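For the protein sequence lines, the chains are A, B, C and D, in the order given. Mapping to this note's numbering: the first sequence position 107 is 107, numbers consecutive. Mapping to this note's numbering: the second sequence position 33 is 170, numbers consecutive. Mapping to this note's numbering: the third sequence position 71 is 310, numbers consecutive. Mapping to this note's numbering: the fourth sequence position 79 is 448, numbers consecutive.
Hints in this document: simulated from the structure, not taken from any laboratory. Values in this document were obtained by computation on a predicted structure and should not be read as measured data. Some hints could be false.
[Unchecked claim] One-sided excerpt, in silico: chain C residues whose CB lies under 10 angstroms from chain B:
| id | residue |
| --- | --- |
| 1 | F242 |
| 2 | V245 |
| 3 | E248 |
| 4 | H253 |
| 5 | E254 |
| 6 | D340 |
| 7 | I359 |
| 8 | Q360 |
| 9 | R363 |
| 10 | G368 |
The beta-carbon is built from N, C-alpha and C at its ideal position, and this holds for glycine as well.
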Amino acid sequence: MMEEGVKKFLYVNRKAPYGTIYALEALEVVLIGAAFDQDVSLAFLDDGVFQLTRDQNTDGVGVKNFSPTFRALGDYDVNKLYVERESLEERGLTADDLQEIVYEDEDDDWAEKPSIRIISRAEMADLMHDQDVILSF
Amino acid sequence: MSTLHTVNKSPFATQSLLSCINHVKDGDAILLIEDGVYGAAAGTGVSDAVAGKAGSVKFYVLGPDLEARGIPATRLLEGVEVVDYAGFVGLAVEHDRAQAWL
Amino acid sequence: MKFGIVVSEGPYTHEASDTAYNFVKAAIEAGHEVPRVFFYHDGVNVGTRLTVPPQDDRNIQVNWTNLAKEHGIDLVVCIAAAQRRGILDENEAKRQGKDADNIAEGFRISGLGQLIEMGIQTDRLMMFGD
Amino acid sequence: MSYEVNGQTVEHDEEGYITNLSDWSEDLAKVIAEQEGIEMTDEHWAVVNFLRDYYEEYQIAPAVRVLIKAIKKQMGPEIGNNKHMYELFPYGPAKQACKIAGLPKPTGCV
Numbered sequence: 001m002m003e004e005g006v007k008k009f010l011y012v013n014r015k016a017p018y019g020t021i022y023a024l025e026a027l028e029v030v031l032i033g034a035a036f037d038q039d040v041s042l043a044f045l046d047d048g049v050f051q052l053t054r055d056q057n058t059d060g061v062g063v064k065n066f067s068p069t070f071r072a073l074g075d076y077d078v079n080k081l082y083v084e085r086e087s088l089e090e091r092g093l094t095a096d097d098l099q100e101i102v103y104e105d106e107d108d109d110w111a112e113k114p115s116i117r118i119i120s121r122a123e124m125a126d127l128m129h130d131q132d133v134i135l136s137f
Numbered sequence: 138m139s140t141l142h143t144v145n146k147s148p149f150a151t152q153s154l155l156s157c158i159n160h161v162k163d164g165d166a167i168l169l170i171e172d173g174v175y176g177a178a179a180g181t182g183v184s185d186a187v188a189g190k191a192g193s194v195k196f197y198v199l200g201p202d203l204e205a206r207g208i209p210a211t212r213l214l215e216g217v218e219v220v221d222y223a224g225f226v227g228l229a230v231e232h233d234r235a236q237a238w239l
Numbered sequence: 240m241k242f243g244i245v246v247s248e249g250p251y252t253h254e255a256s257d258t259a260y261n262f263v264k265a266a267i268e269a270g271h272e273v274p275r276v277f278f279y280h281d282g283v284n285v286g287t288r289l290t291v292p293p294q295d296d297r298n299i300q301v302n303w304t305n306l307a308k309e310h311g312i313d314l315v316v317c318i319a320a321a322q323r324r325g326i327l328d329e330n331e332a333k334r335q336g337k338d339a340d341n342i343a344e345g346f347r348i349s350g351l352g353q354l355i356e357m358g359i360q361t362d363r364l365m366m367f368g369d
Numbered sequence: 370m371s372y373e374v375n376g377q378t379v380e381h382d383e384e385g386y387i388t389n390l391s392d393w394s395e396d397l398a399k400v401i402a403e404q405e406g407i408e409m410t411d412e413h414w415a416v417v418n419f420l421r422d423y424y425e426e427y428q429i430a431p432a433v434r435v436l437i438k439a440i441k442k443q444m445g446p447e448i449g450n451n452k453h454m455y456e457l458f459p460y461g462p463a464k465q466a467c468k469i470a471g472l473p474k475p476t477g478c479v
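I would like the entire structure built from these sequences, with the hints used as guidance.
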């Protein structure tokens, strides 16, 4: 049941990390936005799926590695990370190539549950269509 | 319930237009702005993709951006409607949400 | 109807801030409200008063300042994005120990919460970027 | 601008945040705390250590509510509550505790 005044916010991530700042600054919006108690979902499609891959190591480029920050999202009650299956496949990736991101379910005795949900392109279209506010990065 | 999608990149430079086309729902509208207007021309490599979707979603193109780039209305794909900034605002009002394919 | 506007690319390099400006003008002319424009990513660079564009081209910052003054639009520059890119007001310059500030008239520096709040309080959020 | 700790000089900015995060040590934390007018107790250390661990794992300083929730879980509701956190760090756990813990300066968002 939606409380009155709660809007559905979708953060659409379509760009790869590091080449540009969009992915990092999108994550900064998500972390701040989490304080506003809205219904938040994150979508990862196209090159955005590269943001969630394992084993990122930025030591050699001297840029901050922000991929561990995705694992903190559960603490911020952001636990709906939708990843498009077709976008993964087109890039030669599977769900196993993504890092594990979990949250503790308050309503289920704090059981750890996966935050990443792999969905089809058609389901992604449905998700986008079910939002009040869409922020694109 | 429907969405106004905006695409501002040339389809020959990025996947944004094709990705948008792959995620729209029947009854949505796609507005091509800035370099996105190059996707509205007939006889290009993406014309078929646009024309193929034009039955279920309505395509619009921002007139001032089209004129800036010297594309005459006669070169547009059939069914693509030209709007001005007021028309852009009208489309944003008519649909329930806007999604920018940046 | 209330529109919230996000400008997420820098001026002159990208057309985004021009499109946003033309959209906002048209929206106001049509009787709609634009309570706030939020500048993010390189969009924060619209808010420096130190640009000197050639006289035969538009002055993006001045256009926004005038439009905001005329219609009471709150032009908000994201503080986190601004710090990275060297956009400072007097307070921030003092706080960060910098010897100058550059924020333009009509713009103010504030947090990302202003973006979320705008999303909550307006009917449509429009993003203009790269 | 710098702190002196064990004969070493550690640079900091206008507001006392250290310039190089790798300069941090427990002794430095005590020096920063002293300048902030804070005497480090076990409870202060619990917060500082939690912040450092959190940063190490996630590369961000946690939001205050995330910090409080975690301290509550770890040390009970007597300590893990908003009022008590501000008693420990009068200028706020985000600003002051992060400074003592040697974390990046909060941008001032929200």
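Checklist entry - Which of the numbered hints above does this structure break? => result 6, 7 and 8
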